[in-house]
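Take a look at the letters that make up each chain.
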Amino acid sequence: MKNYKALMRNHLYLLFSLLFIGGCTNKTETPVHKVYTVEIRQMQFQPAELTVQKGDTVIWINRDIVQHDVTEEKSKAWTSSPLSAGQSWKLVASENADYYCSIHQVMKGKLLVQ
Amino acid sequence: MKCIKPLAKWAGAAILYTMVMPSSAFSQEKPDLSDPEIASVAVAANQIDINYAEIAKEKSKNADILEFAQTMANDHKAVIAQAVALVTKLGVTPKDNAVTQKLQGDAEKTKKMLRSKSGAAFNKAYIDNEVAYHKAVISAVEDLLIPESDNKELKELLQNVVPALKTHLMHAEMVQKKFSK
Chain A
560 MKNYKALMRN HLYLLFSLLF IGGCTNKTET PVHKVYTVEI RQMQFQPAEL TVQKGDTVIW
620 INRDIVQHDV TEEKSKAWTS SPLSAGQSWK LVASENADYY CSIHQVMKGK LLVQ
Chain B
32 MKCIKPLAKW AGAAILYTMV MPSSAFSQEK PDLSDPEIAS VAVAANQIDI NYAEIAKEKS
92 KNADILEFAQ TMANDHKAVI AQAVALVTKL GVTPKDNAVT QKLQGDAEKT KKMLRSKSGA
152 AFNKAYIDNE VAYHKAVISA VEDLLIPESD NKELKELLQN VVPALKTHLM HAEMVQKKFS
212 K
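Residue numbers (this note's numbering), protein chains in the order written: chain A, 560 to 673; chain B, 32 to 212.
Among the hints, erroneous ones may be present.
[As the list claims (entries may be wrong)] Quick list of in silico lysine-lysine cross-link-like pairs, PhoX-like style, CA-CA up to 20 Å: (1) K108/B / K209/B; (2) K186/B / K197/B; (3) K209/B / K88/B; (4) K667/A / K208/B; (5) K667/A / K186/B; (6) K166/B / K208/B.
Don't read these hints as lab results, they were simulated from the structure.
Given only the sequences and the hints, what does the whole structure look like? Please build it.
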């Protein structure tokens with residue numbers, strides 16, 4: 560009987576330890592990343608300027624009838640390729656970027672990453 | 032309300048007369064257009080710019096001109112597709128009219144002028160014409176076609192096209208600066 564109680568006590572210690580460690584681990588490994596949407600409408604990026612946290616996802620969706628793209632302006636570091644009406648493209652934000660539509664070069668937007 | 036529409040028509044025509052080139056089809060005095068006629072004008076105006084773009088793709092080797100021309104061809108084809116879808120849905124047949132005929136007549140003269148040029152002279156003539164043409168079309172759509180259209184969906188389509196035309200104009204003016212140095 561004594562052995563049985565000792566065994567149960569050890570099991571409970573182990574269970575609580577695992578729950579405690581698991582709880583701590585979950586808190587550190589699951590940062591909350593948000594998802595933002597930029598609409599391309601009436602030949603504009605809406606909003607034209609967006610502030611996000613590093614690791615957040617930004618989705619651009621083309622609501623116009625003509626094709627657009629979303630291209631990093633300075634060094635063409637990234638581009639969506641042409642998006643037809645209704646198509647979308649997403650990017651995980653890692654650094655600030657000025658971007659534009661390379662098809663309609665006067666359409667510009669800004670991504671600010673904190 | 033009945034007084035307002037003729038006044039708006041007159042004001043639109045007056046603005047067009049003063050702002051747009053005197054030879055432009057859009058500067059005719061007080062054209063009274065039905066919705067099928069407006070559809071005809073809209074399709075013709077878009078097709079004309081596609082035709083100019085085709086000439087540019089044949090004649091120019093300049094990357095800015097070629098990119099701009101390709102954008103014009105693609106965008107104006109998309110607008111025509113939207114207009115055709117709408118008139119099909121509404122059961123309307125675009126109706127030929129004096130404004131469409133004048134537009135097409137003027138466009139033939141412009142195409143002849145463009146075809147007579149080559150090299151840098153062509154590039155400049157093409158982009159200068161794009162700036163002037165888009166200014167004229169924007170004025171016509173805002174001051175004549177939108178006020179004249181009776182059907183709500185036709186009016187909305189025309190209103191939705193204006194931002195694209197204005198973006199084309201800004202883009203054309205940006206390219207034009209490169210050829211005016």
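Q) For this structure, which hints from the list above don't hold up? A) The structure conflicts with hints 1, 5, although it agrees with all the remaining ones.
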